[in-house]
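Colleague: Starting from the known structure of chain A, fit chains B, C and D onto it as the hints suggest.
The listed protein sequences derive, respectively, from chains A, B, C and D.
Note that this note's numbering gives residue 427 to position 271 of the first sequence, counting from 1, and the numbers run on in steps of one.
Note that this note's numbering gives residue 288 to position 132 of the second sequence, counting from 1, and the numbers run on in steps of one.
Note that this note's numbering gives residue 412 to position 256 of the third sequence, counting from 1, and the numbers run on in steps of one.
Note that this note's numbering gives residue 439 to position 283 of the fourth sequence, counting from 1, and the numbers run on in steps of one.
Don't read these hints as lab results, they were simulated from the structure.
Incorrect hints may have been included.
If several chains are the same, the list does not tell them apart, and a pair holds so long as it fits within one copy or across any two.
Unchecked claim - Here are the simulated BS3-like pairs of lysine-lysine, each with C-alpha atoms no more than 27 Å apart in a straight line: (1) K309 to K350; (2) K313 to K350; (3) K313 to K281; (4) K202 to K268; (5) K313 to K373; (6) K373 to K312; (7) K350 to K395; (8) K268 to K395; (9) K373 to K268; (10) K202 to K282; (11) K442 to K395; (12) K268 to K281; (13) K281 to K442; (14) K373 to K282; (15) K312 to K268; (16) K281 to K373; (17) K268 to K391; (18) K442 to K391.
Since this is a predicted model, take the numbers as computed values, not measurements.
4 protein chains.
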Amino acid sequence: MATYGFLGLGIMGNAMAANLIRAGFDVTVWNRTASRCAPLVALGAKQAATPREVAASCDITFAILSDPAAARETCFGADGVLEGIGDGRGYIDMSTVDDQTARDIGAAITAKGGRFLEAPVSGTKKPAEDGTLIILAGGERSLFDDALPAFEKLGKKNLYLGELGQGARMKLVVNMIMGGMLAAFSEGLALGLKSDLDGAQILDVIEAGAMACPMFKGKGPMLLGENYTTSFPLKHMQKDLRLAIALSEELGQSLHAASASNELFKRASIAGYGDEDIAAVYRVIK
Amino acid sequence: MATYGFLGLGIMGNAMAANLIRAGFDVTVWNRTASRCAPLVALGAKQAATPREVAASCDITFAILSDPAAARETCFGADGVLEGIGDGRGYIDMSTVDDQTARDIGAAITAKGGRFLEAPVSGTKKPAEDGTLIILAGGERSLFDDALPAFEKLGKKNLYLGELGQGARMKLVVNMIMGGMLAAFSEGLALGLKSDLDGAQILDVIEAGAMACPMFKGKGPMLLGENYTTSFPLKHMQKDLRLAIALSEELGQSLHAASASNELFKRASIAGYGDEDIAAVYRVIK
Amino acid sequence: MATYGFLGLGIMGNAMAANLIRAGFDVTVWNRTASRCAPLVALGAKQAATPREVAASCDITFAILSDPAAARETCFGADGVLEGIGDGRGYIDMSTVDDQTARDIGAAITAKGGRFLEAPVSGTKKPAEDGTLIILAGGERSLFDDALPAFEKLGKKNLYLGELGQGARMKLVVNMIMGGMLAAFSEGLALGLKSDLDGAQILDVIEAGAMACPMFKGKGPMLLGENYTTSFPLKHMQKDLRLAIALSEELGQSLHAASASNELFKRASIAGYGDEDIAAVYRVIK
Amino acid sequence: MATYGFLGLGIMGNAMAANLIRAGFDVTVWNRTASRCAPLVALGAKQAATPREVAASCDITFAILSDPAAARETCFGADGVLEGIGDGRGYIDMSTVDDQTARDIGAAITAKGGRFLEAPVSGTKKPAEDGTLIILAGGERSLFDDALPAFEKLGKKNLYLGELGQGARMKLVVNMIMGGMLAAFSEGLALGLKSDLDGAQILDVIEAGAMACPMFKGKGPMLLGENYTTSFPLKHMQKDLRLAIALSEELGQSLHAASASNELFKRASIAGYGDEDIAAVYRVIK
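Isolated chain A, as found in the complex (with noise of 0.2 Å):
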């Protein structure tokens, strides 16, 4: 059986970790402030020091850091993944992280002899603690099929993408069409009110009709009670539509909606609402 590593052990990674453990896996953890280790260690796993030691004895090594400088620093820093890594042992890391950074990490890993996957998650703390998140891979396949004994343990849908920053494209067109969802349910939702309709009433109809989903279900009782209770912070999906629409001028691809979106939120990122939940660019709106 492959043994696994897992760096960073945030609520993410915490659940995410938990999941392969009680699934009976060999797993060995690491996390910056190593207390965090302990309740992991309590459920079977094996504690290591460094990322070095992690990448070095395991086959196929996870990392689900907070940000690019983090990811970078696990993997460059002083014994860090790539003191560890090769011999075709495996690194995925499951970071939010810019082009560059997936970039800078796959080429080093693999020119260290090791194999990299890019595997941004979409979904949040519940879902990973169910292990219902979706995955989004790319990069070397084979290791993506490697690891996917332990990927069904995290994931609900686990789709192997292409080449190394597939993943991250399709967490972009997925939030863009997320973003102009929202900005039409915001502004319906506003002239609705207006026409002096109820609210609830507004909530109940798309529910019971075509356009009923997650979103709008939790979304919607937020924007009624002006409540802005993050979840995912709004200065992330402008970001996301910024990129968005960087890569539309790459790829040639005309945005009229989305490019109308952005402005929607970059006018709320600007009013001081960048760290308030996405439902946020109401305000601006309403």
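Modeller: Chains B, C and D alone, transformed into the frame defined by chain A:
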């Protein structure tokens, strides 16, 4: 038990009247082409020769006609509803008509001593057969209450939305959101395909996440297969977007995203795709 | 020599009638508030008591009223133009009115045996005084030709644009371009100032190049000084943008850029700047 | 009297260098293809064999190269400017380059003890010949002051805009406004023609009013004649719109109208009109 009339036995009306008959109600039917009454008579309906007769003899008369002209003719024409209505009997027009038509009919019915309700529906043939329409009613509240036993056989969601006009407005709001969602979805799919992502995988990811909805499930394969078999004609969606924008001018609501979507549907109409399905907006985007 | 009537002696009408009198024409004036006639009588005009009298006694009667209601009253009211017109005498309405008002007045005049021309103008007080208006005429060609000696004293550019309605359409087209230019200018200035460029230098560069125009020369310092003293009310511009978009729906012309500009002017209207100058669109952009 | 160098004798550079020589300045020229120096030598210029020689022997060296690659090669290449600059001598790059190129060149020149100014110009061949360019300078203020006697022979408007980068930003702002104006103009013209207005009359009305500008005078007949002979390539305008939008993301400025215009120019680029004149945006609008 109340007696019901039903005028207009097209695809929608036929299915709806049949549901009322099967539920055991006393139903009198009429259709411009009388031969369409036979199957319903076989189910137990009475048949009348004119809308006047129906309106004169039934407590509540429902109508679902093909367009505003037919709705006006059935009400105002020789032997029309107006000649039979009165004494508090009810007339419920479920046709999708413009604001002015609804107001003209409502005012005339009321002046004759009848009660009036507009009740446009959301949903097409299948929900009509299954009795799972969404009914958006505006007008005389007491008539809505009296008609509820019938509505419950026709729709899974029967909403009284306020005074005359509110039913039509709800429909505009909902369709405007739908148009924006479809524009976002089309642009996202186009960008994804230009990124060399696999179309089926894009749909798969959406289907697995917070944006999963019957519309994307239905339209997704149509876009990928460039199959625009009409279920909701694009030109009607463009008309609804236009009317929603007109409403926004009156009520003072900015609609940056909906305006951009409207231009996309307008371009599709100009390009000659108005009679194809709303999914054909993709043709000017891809 | 033809005899001229002039109805409506507001800021525009007073200056225009004075130009006709000074040019030596035989002019009969009327105004709702009769006292406004005195200065023109002093210049040599005759005074009449009602629009009917003017229309009955002059070969060609000009009118420039404040709004559609005043234009209708002056034509259709008691002792109105309609009671005096006939025998091929001409009526030229230079008010800015909606399409329907122009058609209604035109049809009534023609039915009485008169000739009709709509002739809205581009230009405000100063050009009216200087006789340098731009006259956009639509309707009866022979009347345009007959009125040319008078037009030449009123405008520097007198255009016959075709049948009734074409004058109003030209005005929409021109104002739509103006709205788009002002939106672009406002966004550019705002971006420049956020870039720490000097506002006066930005205006200077524009003034020196291919985009130099009287509008930017006039509005530029207003934007920098946040002075929105009304010369062309913002709400009228927004109305023209709305009408231009409505025209585009009818004629099948996509207007992506104009729709975006319309939403900006709409937001400025909603924010309460409708009575300020069109330059106040900058207030929702900066 | 200061001695001047001039690198790059394309259409622009040749005309500009000639103006300096004719004004009586001491000018040393260099061009990659040396034969282009002859006419200027005939006018009185000295000729040098390399950029290094020019930069080493002249007080101030001007350059106007075709693109960022040529600008970099001329500075950083073998026998390039960098090898000759120092001791407070000045280098003024008038090429249109991206921000990073300008910064890289500026930093290298300064590190060698030279002074640097970016000075992109607004205007094409004719203004270059006539000495009526608009010069948008950013960088070392003392160098701008020292170069003023030369600038005065090249431009009718010579502006010092602040630190390095401000010249390029001003150009973006100005071109963004230009793109928006052209989009508005194109949509207006298209709507007018669909309204059966006469194209020449539309141009006439614009020419007579507050929007009259050299750009509309030049582009108007091009649009009507569907003649898109390149004076400013459309793809460069689209690039500038893209960069202006990128700048707006960084500075926090919403650009609803410019984003819509950008999508129009992008669609024109995608349709294959990138090498035609900016006027070809009309091809995707009409």
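Colleague: None of the hints should be skipped; say for each whether it holds.
Modeller: Evaluation of the provided hints:
| no. | hint | result |
| --- | --- | --- |
| 1 | K309 to K350 | neither (47 Å within a copy, 32 Å between copies) |
| 2 | K313 to K350 | between (40 Å within a copy, 23 Å between copies) |
| 3 | K313 to K281 | within (16 Å within a copy, 33 Å between copies) |
| 4 | K202 to K268 | within (25 Å within a copy, 56 Å between copies) |
| 5 | K313 to K373 | both (22 Å within a copy, 16 Å between copies) |
| 6 | K373 to K312 | both (21 Å within a copy, 18 Å between copies) |
| 7 | K350 to K395 | between (30 Å within a copy, 20 Å between copies) |
| 8 | K268 to K395 | neither (32 Å within a copy, 39 Å between copies) |
| 9 | K373 to K268 | neither (47 Å within a copy, 44 Å between copies) |
| 10 | K202 to K282 | within (25 Å within a copy, 57 Å between copies) |
| 11 | K442 to K395 | both (22 Å within a copy, 21 Å between copies) |
| 12 | K268 to K281 | neither (34 Å within a copy, 54 Å between copies) |
| 13 | K281 to K442 | neither (30 Å within a copy, 35 Å between copies) |
| 14 | K373 to K282 | both (16 Å within a copy, 24 Å between copies) |
| 15 | K312 to K268 | neither (32 Å within a copy, 60 Å between copies) |
| 16 | K281 to K373 | both (18 Å within a copy, 26 Å between copies) |
| 17 | K268 to K391 | neither (36 Å within a copy, 42 Å between copies) |
| 18 | K442 to K391 | both (19 Å within a copy, 20 Å between copies) |
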